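Engineer: In case you want the letters, here they are:
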Amino acid sequence: MASPVSSLEGRTLTLDRGGRRVLADLSFRAVAGRALVVTGANGAGKSTLLRLIAGLLRPVAGDLVIEGGDPDLTIAQHCHYFGHQDALKNQLSVAENLAFWRDFFGVADGTVLDALDRVGLARLIDLPAAYLSAGQRRRLAFARLLVTRRPIWLLDEPTSALDAASEARLLEIVGEHLDAGGLVVAATHLDLPFARIDGLRLGPAIVGEAA
Amino acid sequence: MNALLALFAREWKLAVRVGGGALMGALFFLIVVTVVPFGVGPDLNLLSRIGPAILWIGALLATLLSLDRLFQVDRDDGGLDLILMGESPLELVVLVKCLAHWAATGLPLVIASPLLAIFMNMEPIAIGATTLTLLVGTPALTFTGAIGAALTVTLKRGGLLLAILVLPLTVPVMIFGVSSATAVLYGGMPFTTPFAILAALGLFAMVLGPVAAAAALRHAGE
Amino acid sequence: MRLIDYANPTRFLGLVAKILPWLAGATIVTFAVGLWLVFFRAPADYQQGETVKIMYIHVPFAWLSMFCYMTMAASALGTLVWRHPLADVSAKCAAPIGAAFTFLALATGSLWGKPMWGTWWVWDARLTSVLVLFIMYLGLIALQETIEDPLRAAKASAVLTLVGVVNIPIIKFSVDWWNTLHQPASVFRMGGSTIDASMLVPLLIMAVAFSLLFVWIHLMAMRNEIIRRRIRTMRMIEAAGAE
Chain A
9 MASPVSSLEG RTLTLDRGGR RVLADLSFRA VAGRALVVTG ANGAGKSTLL RLIAGLLRPV
69 AGDLVIEGGD PDLTIAQHCH YFGHQDALKN QLSVAENLAF WRDFFGVADG TVLDALDRVG
129 LARLIDLPAA YLSAGQRRRL AFARLLVTRR PIWLLDEPTS ALDAASEARL LEIVGEHLDA
189 GGLVVAATHL DLPFARIDGL RLGPAIVGEA A
Chain B
207 MNALLALFAR EWKLAVRVGG GALMGALFFL IVVTVVPFGV GPDLNLLSRI GPAILWIGAL
267 LATLLSLDRL FQVDRDDGGL DLILMGESPL ELVVLVKCLA HWAATGLPLV IASPLLAIFM
327 NMEPIAIGAT TLTLLVGTPA LTFTGAIGAA LTVTLKRGGL LLAILVLPLT VPVMIFGVSS
387 ATAVLYGGMP FTTPFAILAA LGLFAMVLGP VAAAAALRHA GE
Chain C
378 MRLIDYANPT RFLGLVAKIL PWLAGATIVT FAVGLWLVFF RAPADYQQGE TVKIMYIHVP
438 FAWLSMFCYM TMAASALGTL VWRHPLADVS AKCAAPIGAA FTFLALATGS LWGKPMWGTW
498 WVWDARLTSV LVLFIMYLGL IALQETIEDP LRAAKASAVL TLVGVVNIPI IKFSVDWWNT
558 LHQPASVFRM GGSTIDASML VPLLIMAVAF SLLFVWIHLM AMRNEIIRRR IRTMRMIEAA
618 GAE
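Protein chains in written order, with our numbering: chain A, 9 to 219; chain B, 207 to 428; chain C, 378 to 620.
Treat the hints with care, as some may be off.
[Claimed, not checked] To give a feel for the contact side, a few chain C residues facing chain B, derived at Cβ under 7 Å:
| hint | residue |
| --- | --- |
| 1 | Phe408 |
| 2 | Trp489 |
| 3 | Pro492 |
| 4 | Trp494 |
| 5 | Leu515 |
| 6 | Ile518 |
| 7 | Glu522 |
[Claimed, not checked] Below are the SDA-like pairs computed for lysine to any residue, each with C-alpha atoms no more than 25 Å apart in a straight line:
| hint | chain 1 | residue 1 | chain 2 | residue 2 |
| --- | --- | --- | --- | --- |
| 8 | C | Lys395 | C | Thr485 |
| 9 | C | Lys532 | B | Ala228 |
| 10 | B | Lys219 | B | Leu233 |
| 11 | C | Lys491 | B | Asp283 |
| 12 | B | Lys219 | B | Ala259 |
| 13 | C | Lys532 | C | Lys430 |
| 14 | C | Lys549 | B | Lys362 |
| 15 | B | Lys219 | A | Thr119 |
| 16 | B | Lys219 | B | Gly334 |
| 17 | C | Lys430 | C | Thr485 |
| 18 | C | Lys532 | C | Thr387 |
| 19 | B | Lys362 | C | Lys491 |
| 20 | C | Lys430 | C | Ala451 |
| 21 | B | Lys362 | A | Thr119 |
| 22 | C | Lys430 | C | Trp413 |
| 23 | B | Lys219 | C | Trp413 |
| 24 | C | Lys549 | B | Ala228 |
| 25 | C | Lys532 | B | Leu229 |
| 26 | B | Lys219 | C | Phe417 |
| 27 | C | Lys491 | B | Gly334 |
| 28 | C | Lys491 | B | Glu293 |
| 29 | B | Lys362 | C | Ala533 |
| 30 | B | Lys219 | C | Leu392 |
| 31 | C | Lys532 | A | Thr119 |
Since the hints were made in silico from the structure, they are not lab data.
If you're wondering where the values come from, they're calculated on a predicted model, not measured in any experiment.
No residue lacks a Cβ here, since even glycine has one placed at the ideal position from N, Cα and C.
Bound conformation, chain A alone (with noise of 0.2 Å):
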């Protein structure tokens, strides 16, 4: 594992978007072993602020800073997003898609027939990823946070698609993140089952011109 990284901490961050104001003067702190929880109502801004921190989306004020980590990469370098897209290629097998993932971000962790099997994708690993249901696919997607590491996981709405069993085996693995030091941002409706837990209410989406 990359260094770990103790805190991730948003100070005072303001975003537009196509000329409105999504986030205005949020601040925010996310510790090591805790899952900091995000909520609000559709257009809140919980998907963009997941993506400010995957350093997809830069803000137009207001910083982000984390406490550990490895001092050459940027903070985008030490998460890893698992959003809406599932990023696989339909004529590459279930395998191959993992393992270019694996390859691309540089440090592997534990093999990708292990990965697969902790999603239960095990038996599936040389089918093309086209003949996968969207249960399948979304866990496949998953499989890329196991296969590399890094400390910090951001989760949109990580449990879409996925039936109550792959959704109580995806929720485990997330704990067992948090258990080795790791942090957690979700977006998410659920009540997660883990016991440190940390709030973050976006408000209503402030509805304006941007400054």
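Given chain A, put chains B and C in place with the hints provided.
Structural biologist: Using the frame of chain A, we list chains B and C on its own:
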């Protein structure tokens, strides 16, 4: 380095597997070259004179039209977000994607060009020269086209716009590619002069293309 | 058992297994007879010498390039009108074979043309039409390869195949007109003179041999395609049942 090798291998597999469309460019190339005589007539002397230019125009169009999905598929399935979060510099990622795309799509054009030159009744020396200029020139087209592909990545129908944006940028490559190919036919100018400039343009595009395309991609997500 | 019963792919596979050895034997025997006639019986042309013998493969290739397209057109009707389950398999498998025969017709024509015309390629009306046919084959293959779902791919390529049938006479006519516009019709006219029986018989036998070869390859390709589709279905079932 491993990350980039893995990327090259994946891009190559995606291009050559069923539905990847690697040979679609070569097919388009064949059709463009075949259609020209219907326009200008079957006069073999005329065709052999304009042959190098026709091959170059065909290769140019085939390259540009095959580029529109270069980044778009990755954006559509969310893979581009993850690539941006990787530790490899985006410029190198673009470079590798371009190289893989050229190997799967551009190289078949170069290999097909001597065959198509027969339809144009070109002399062996002209066939050799044209193939050589295409081998050096098509990577430049790919790298330049990547800029257009990155700029139009968010558009649903960016293919035509890509061609509009990129065609003016390919004019120098076109000029020096065709003039080195025809230099061997008419003499007057040594082959090596325009050919050296063509090679230089290729190297220049290899730097400018990935840098500009990476800049465009970084802003595409916002 | 009526013909329609062979619409069942399993029955079809059983029939193919029975026919294939006989077909292979017939093909090989016909080729042996044909080649013997071509090399030891057929006369050399008084102008072209032994070069003329390329005709015995070139003409069957050209003939099959069209026959293959007709097979695809009939299969396309089967797909669109009768929704015959084997029709699209037949059409899909005929396309690469047709493209290969058309390519060979072009290549042998080119090899023949070099000593006759002094150049590998002329934009002769006949050659040009065959080239257009070749491109249509490649387009059909590209269409079939691009659409992932076999049924949708079959319908799309069936429509394109039939459009091609309607268009082929128009293309042929246009190309003839375009060609005569530019050069006198008298330059290259093959087959204008009547062909002697000593050449006609070997030619017909070679044509039969290549037709048998086509049927042989086509049936094998159809068998493989049916098996390929079964594997695809089984893997999809496997994916669904893996929970």
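Engineer: Broken hints, numbered, in rising order?
Structural biologist: 1, 2, 3, 4, 6, 8, 11, 12, 13, 14, 16, 19, 20, 21, 23, 24, 26, 28, 30, 31
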